[in-house]
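One line per chain: the protein sequences are A and B, in this order.
Everything in the first sequence is counted per this note's numbering, starting at 359 for the first residue and increasing by one.
Everything in the second sequence is counted per this note's numbering, starting at 158 for the first residue and increasing by one.
Take every hint as true, because none was put in to throw you off.
Examples of chain A residues lying across from chain B (beta carbon under 8 Å, computed):
no.	residue
1	361
2	366
3	377
4	467
5	522
6	529
Because the hints were derived from the structure by calculation, they are not lab data.
The structure displayed is predicted, hence computed values, not measured ones.
Idealized CB from N, CA, C, for every residue including glycine.
One letter stands for each residue in the lines below.
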Amino acid sequence: MSSFKKTYLSLTLFTLFMFSFSYMLVPLYDIFCEITGLNGKTNQTKVLTVRENPTERFVTVKFTSTVANSAPFTFEPIDREIIVQVGKINNTFYTLTNNTETVKHATASPSVVPHEDAEYFKKIECFCFSQQQINGLETKELPLQFIIDNELPNDTRTLILSYTMFNTTDQMGSK
Amino acid sequence: MSTNIDKLHDDHHHTPTGIMRWITTTNHKDIGSMYLWFSLIMFFVGGLMALVIRAELFQPGLQLVVPGFFNQMTTMHALVMIFGAVMPAFVGLANWQLPIMIGAPDMALPRLNNWSFWILPFAFTMMLSTLFMDSGGPAAGWTLYPPLSLQGGDSFPYTILAIHMLGLSSILGAINVIATILNMRAPGMTLMKMPIFVWTWLITAFLLIASMPVLAGAVTMLLTDKFFGTMFFTASGGGDPVMFQHIFWFFGHPEVYILILPAFGIVSTIIPAFSRKRLFGYDSMVYATASIALLSFIVWAHHMFTVGMPLAGEIFFMFTTMLIAIPTGVKVFNWVATMWRGSMTFETPMLFALAFIVLFTIGGFSGLMLAMVPADFQYHDTYFVVAHFHYVLVPGAVFAILAAVYYWLPKWTGKMYNEGLGKLHFWLTTIFVNLTFFPMHFVGLAGMPRRIPDYAVQFADFNAIASVGAFGFGLSQLVFVYILFNTLKKDVTAEDKVWDGAEGLEWTLSSPPPYHSFEEAPKVD
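Given these sequences and hints, build the entire structure.
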């Protein structure tokens, strides 16, 4: 009967392995996206070591914004488009207005197009790193500081940074 | 193997009678029958939902149902047909046939077998009960893509839990099948001497235990995203809804082969029997099945070419997908070669098997068209996709199941079905199935999107034809139900070897086979 037991045991273990494999796919997916530059994900936390090394090259950076699921916010970039020097630190900001009379929480999720250049768009200071708390009818300036890496491929002339603002008030409430 | 000894042996058992016999049974034949009856009921439940869809689509505009309910119907139709009709039918056939094909007395884990079946009615009661809730049933499609599925109402946790139970049932069933096939074959039956149906089921069972746990993981992540604050697929928390699609289709593509590989096994059994020749290229059939199964794990992203993938990814998934056409082509050519110069006769099982080859191949070709990335951007989420997967699932999987039932019903019951009615059922089914699904190719290519209750007027004629076909197809299945009950009323007259060209251990048993068969293993040379 031991051959039976061996079959059951190995099949059960295989089932459990495949269940945990579905969870392993989550970090694997992130690693895969990082390697391929898929998804246009930029750095999720502060870039700590920044060396300014300005070059003679200039690129256009455009800013766009979206409010997810018709949340009661007005969310706009102050600059639609700026021409920046590669390798030099730049500053701009977005404005966020709460159109309700109650306190809201909001989180922004960034994305860079073209996707494969996302890794050269380095954010030094970004409101996307943290939850924003915003009072009723308040307008806030959300600062953004970034640098375009010198390694940016030569054929890239324009980068688009897009933010989607999510209403996370419910999620904050449940915590 | 003497039937008398078996009959005497039976008398020593004090099995419960009535309903308790079916609730407590551990007999593979009883459980197989229950699976098949359950599948038939679910086939009609899912079919009624399809008719609601087709009735609404008979004309452009909104006539019968509100769009929300329409979406619930498309979602539930898919869930019921996949998990309630096709999969249980194959498991039922496995339960009935595997032990008597490999010369085993029963399945390896009889009590677990009982449990695998009895999970199903509860899972489906829970899933179908959501239709009566205030929020209605799940309406985000059977693929449950977030964020839409996370916005569902009260039905959401019930659906997820029902899917967990169905997965559990399938995994237990699969473990049982593998343990039976690997450990309980008659002496002398080497792996490469196994009947081809047994081979396809062995490979299907491996696909099940490799893919169902991944589905369980994916829906668990949905559940925790909704109720426990995890952010797997919630973009506001750094999650990614596209990742769900990857995980889902990592399960989903092997799943579609789970729905077709046993059908290949059935057709590979029936074609030789009615051609009175051995199966052409047995070894290549086994290797083709195994390669289809292996390839199924590296093609998943062809379901989502349009979500935004790097070019290298699209090319990789396009070519691996097209590669699957090779082992599938090997199978189709082998079936045709089996029939070549055979003394063919055309009884009902053979007719369904022949229609399977022709119509499944049509579905295969439209699949090949969908595999091409540039073309898929046009076809994605149109009725062309609906036409494709219904061609491989209805005249594919369902025809194979019907063929199998006609082929083995005289063996199971000892009673011969009415051949004339069987042929009538076949012709009605085949005509109406094409009337239903063929026009969907045209409206799909012309750009009609799937999962919508209303459409532009230029699609009206083909949709009207498809709706007529669907009602005809549904009503034709009542002929099948009549044939079943008509057969069961008859006297036992079938010979042990019902079909003169049939090969295999099951035909050495009496018709119907004794309750406990092959308690002494037969010898296979």
